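2 protein chains.
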Amino acid sequence: MKKISTESYKGVRDFYPEDMSVQNFIFKKMRETAESFGYSEYSASILEPTELYQAKSGEELVSEQTYSFKDRGDRDVTLRPEMTPTLARMVAGKKRELSFPLRWYSIPNIFRYEQPQRGRLREHWQLNVDIFGVESNEAEKEMLSLAHSLMKNFGAKESDFVIKINDRRIMNALYEKYKLTEEEVVQVSKALDKKSKNPIEVFKATLEGIFKINKHVEEFLETIESNQKLIKTLGEDNPLVKNLMDLIDGLASVGVTNVLFDSTIVRGLDYYTGIVFEIFDTDPKNKRALFGGGRYDDLLSIFGNEKVSAVGFGAGDVTIKDFLETHGLLPAYTSTTNLYLGVIDDAFPTAQTLADSLRAIGVNVAVDYTGKNVGDQIKKATNDHIPFLAIIGKKEIDSKKLKIKNLATREELEFGFDEIEKIAKMLV
Amino acid sequence: MKKISTESYKGVRDFYPEDMSVQNFIFKKMRETAESFGYSEYSASILEPTELYQAKSGEELVSEQTYSFKDRGDRDVTLRPEMTPTLARMVAGKKRELSFPLRWYSIPNIFRYEQPQRGRLREHWQLNVDIFGVESNEAEKEMLSLAHSLMKNFGAKESDFVIKINDRRIMNALYEKYKLTEEEVVQVSKALDKKSKNPIEVFKATLEGIFKINKHVEEFLETIESNQKLIKTLGEDNPLVKNLMDLIDGLASVGVTNVLFDSTIVRGLDYYTGIVFEIFDTDPKNKRALFGGGRYDDLLSIFGNEKVSAVGFGAGDVTIKDFLETHGLLPAYTSTTNLYLGVIDDAFPTAQTLADSLRAIGVNVAVDYTGKNVGDQIKKATNDHIPFLAIIGKKEIDSKKLKIKNLATREELEFGFDEIEKIAKMLV
Chain Y
1 MKKISTESYK GVRDFYPEDM SVQNFIFKKM RETAESFGYS EYSASILEPT ELYQAKSGEE
61 LVSEQTYSFK DRGDRDVTLR PEMTPTLARM VAGKKRELSF PLRWYSIPNI FRYEQPQRGR
121 LREHWQLNVD IFGVESNEAE KEMLSLAHSL MKNFGAKESD FVIKINDRRI MNALYEKYKL
181 TEEEVVQVSK ALDKKSKNPI EVFKATLEGI FKINKHVEEF LETIESNQKL IKTLGEDNPL
241 VKNLMDLIDG LASVGVTNVL FDSTIVRGLD YYTGIVFEIF DTDPKNKRAL FGGGRYDDLL
301 SIFGNEKVSA VGFGAGDVTI KDFLETHGLL PAYTSTTNLY LGVIDDAFPT AQTLADSLRA
361 IGVNVAVDYT GKNVGDQIKK ATNDHIPFLA IIGKKEIDSK KLKIKNLATR EELEFGFDEI
421 EKIAKMLV
Chain D
1 MKKISTESYK GVRDFYPEDM SVQNFIFKKM RETAESFGYS EYSASILEPT ELYQAKSGEE
61 LVSEQTYSFK DRGDRDVTLR PEMTPTLARM VAGKKRELSF PLRWYSIPNI FRYEQPQRGR
121 LREHWQLNVD IFGVESNEAE KEMLSLAHSL MKNFGAKESD FVIKINDRRI MNALYEKYKL
181 TEEEVVQVSK ALDKKSKNPI EVFKATLEGI FKINKHVEEF LETIESNQKL IKTLGEDNPL
241 VKNLMDLIDG LASVGVTNVL FDSTIVRGLD YYTGIVFEIF DTDPKNKRAL FGGGRYDDLL
301 SIFGNEKVSA VGFGAGDVTI KDFLETHGLL PAYTSTTNLY LGVIDDAFPT AQTLADSLRA
361 IGVNVAVDYT GKNVGDQIKK ATNDHIPFLA IIGKKEIDSK KLKIKNLATR EELEFGFDEI
421 EKIAKMLV
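Those protein sequences? They're chains Y and D, same order as listed.
Quick note on this note's numbering: the first sequence kicks off at 1 and runs consecutively.
Quick note on this note's numbering: the second sequence kicks off at 1 and runs consecutively.
Treat the hints as calculated values from the structure; they're not laboratory data.
Here the structure is a predicted model, which is why all the values come from computation and not from measurement.
Keep in mind that the hints are not guaranteed to be accurate.
Because identical chains cannot be distinguished in the list, a pair is counted as satisfied if it fits within a single copy or across any two copies.
List time: in silico BS3-like cross-link candidates among lysine-lysine, alpha-carbon distance up to 25 Å [said to hold, decoys possible]:
#1 Lys70 <-> Lys10
#2 Lys28 <-> Lys425
#3 Lys380 <-> Lys94
#4 Lys3 <-> Lys70
#5 Lys194 <-> Lys177
#6 Lys287 <-> Lys321
#7 Lys29 <-> Lys157
Here chain Y stands alone, though its shape is the one from the complex (with noise of 0.2 Å):
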């Protein structure tokens, strides 16, 4: 017989018991976060009519990075993406029962064909986060709020990370001075948004393919690089500008004072409709976003329904786990077991009734049925980093006493099998 190899499939994880533990920390916090500013759990199947990508999600995305392939019924298949498609064709599909404005959250995995590399993977789970049905900054503000919190949750300090935002209507206004066709918008678009990641003598060059004239990539270079350059240009009571101020003073009035406004950023997706955003790692070393988002008013409409006001952000595993890491953020690895009971004698019997009554209120124990001698059952816990042992044995049978032992302090106490509760309160 052939030998099948143990590699998993090029650009996903396997999640051994201790990675495992890192996700359920991320999306623990994820959770905690969304659902303390009232946000419900939503979710749908990785397999999505590949059409549903083929209006919004950016032509990049669709032909070169997804998953597609027709199925046994000949139907165009799609592994998602990114959620927000999805999200936009529930929300269309009941749009006459809910009842808006919607709160709703999401941790799915989602699917891109790309060469891996660090912070990118083939498959990686997203927070999102969308609320829907508000017109006003304010939700905007709730969602920057959020997000910053998320942040805070995970153990980051404000001068750790930095929220920049920007408003696509503000670029727009600003290509009309320059008489951009609409190709001409998005090809500016692409390139701000690749901006970071390249010498800077690469975006001159693409600009300079579209703007023609040379004085006009010099003055649109400065106008990005200085707000007051910027805002001076548009004028000071042009309302996006306002708008955009605004949406800062609000943000610093409930205490989330690091945001800037940033014109560079534009976010890659084509759905976005005004204000975007994206946190940033404020150490050098790091300077990819960290997660990003904005306000996108109209994907409902490919659903031939109404628009809809929605803002929202998705906040990606990866690129947290490497930020946690970086800051030294991750807890260290416990197990979710508490106790781990050592059986000698034969004990098992015994053994399996007291996990029981353990189990029945509350306590996870793990008993050994190997019958090896009491040291190899000690290593076996502190292998799987299992804060508590116990051995039962005859003595402990005759005695009906065992004593738990903290493998961390090397405490021990001792406890009467019928004191249950006391022997709970001391390992959960």
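Assemble chain D onto chain Y, guided by the hints.
Chain D in isolation, oriented as in the chain Y frame:
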């Protein structure tokens, strides 16, 4: 622009918040039960190299029921149709580093291209619980205790379900009596697995095609229908029969008394090598197995590894949910949001500050930004099944007090803005 459908892909589910809350209830009970027996969570990608399933998963499953395709790099990829091969791959891949026995669980989603029907969908989630490295039937005993606890933790009574067990080796001993070839054994197993789904004549006709001698068919049918007959045929001292009877007695001694020996239980998958079991609803209206599993000691050999004993089971969310619905065991929906904070008189900043203080001590708070009248805001909280409501306006700002209302009992209590801890106690 072409209007896109809001339907999901065929045979999969969208989980709106109320549906998700059912999923989360089921997953929570699964998680708690597995962890209470000392099992640690693992996970992996849904994408696997297709070759992983070609050795052991059963031909029908691989060639007719998988989602398989070529990726953009011409690799053969399959969406996992079950978790056990992935688990075996992971264990084989780190066999030298892992400390045995392993107790692992996971709740993966798995994919089968089938005609959707009650209890069967193209994507479902499945609790997988497995123990590696225990040769004695203590492994089966623990696994069946765990399955039994799972049902009890869902709120089922012992009379609501029955655990049917068999041993593939017992069946093999029986087949030897009739000198069946390996291929004929597979055919009889398949027929047994489907026996309960068809009229008995279908099963009989299949047997007649295999056994040739009609007397043997009658004898075989009688033997599998009666445990006494089967035990007599194999001899009471047969070690396999003794092992099975020991297991049933051992389970009874730890309070698991609804276990029956049933020689028609064989399980569809090719990799089982010993004891197999299935859990059935005792309600005659729901005759399909709820879930099942067994011992598979040879699966690691497909990776060129030496044998490792393994026992496990898989329990799907769809059949469990049907069971819980039938028996009235699903809890009523409540939002994860504890408090809905209605806002009038543009009191947004006060509402946000109060909400943030409550969030900081673990209360989930949604703030209303609509500016609608109080009646509409109360209606929104009620629609969303949020248990508590408070309204903040000019009056509350002036008095620095707010009233919190329990929307179910209509009780109302007044608190000062500074009594955050007292408010939290009422809400969480």
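Do the hints match the structure? See the list:
In this assembly of identical chains, Lys70 and Lys10 lie within 25 Å of each other by CA distance both inside one copy and across copies; the values are 21 Å within and 13 Å between. Both within a single protomer and between protomers do Lys28 and Lys425 lie at most 25 Å apart by alpha-carbon distance, with minima of 24 Å and 22 Å respectively. For the identical chains of this complex, Lys380 and Lys94 are inter-copy neighbours only, at 16 Å across copies versus 52 Å inside a copy, given an alpha-carbon limit of 25 Å. In the homo-oligomer, the alpha carbons of Lys3 and Lys70 lie at most 25 Å apart only across protomers (21 Å), although the nearest pairing inside one protomer, at 30 Å, exceeds that limit.
In the homo-oligomer, the alpha carbons of Lys194 and Lys177 lie at most 25 Å apart inside one protomer (23 Å), although the nearest pairing across protomers, at 73 Å, exceeds that limit. For a Cα distance limit of 25 Å, the shortest separation of Lys287 from Lys321 inside one copy, 15 Å, qualifies, whereas the shortest one across copies, 46 Å, does not. When the C-alpha separation of Lys29 and Lys157 is checked against a cutoff of 25 Å, the pair qualifies only within one copy, where the shortest distance is 15 Å, while the shortest distance between copies is 35 Å.
Hint check: no violations occur; every hint is consistent with the structure.
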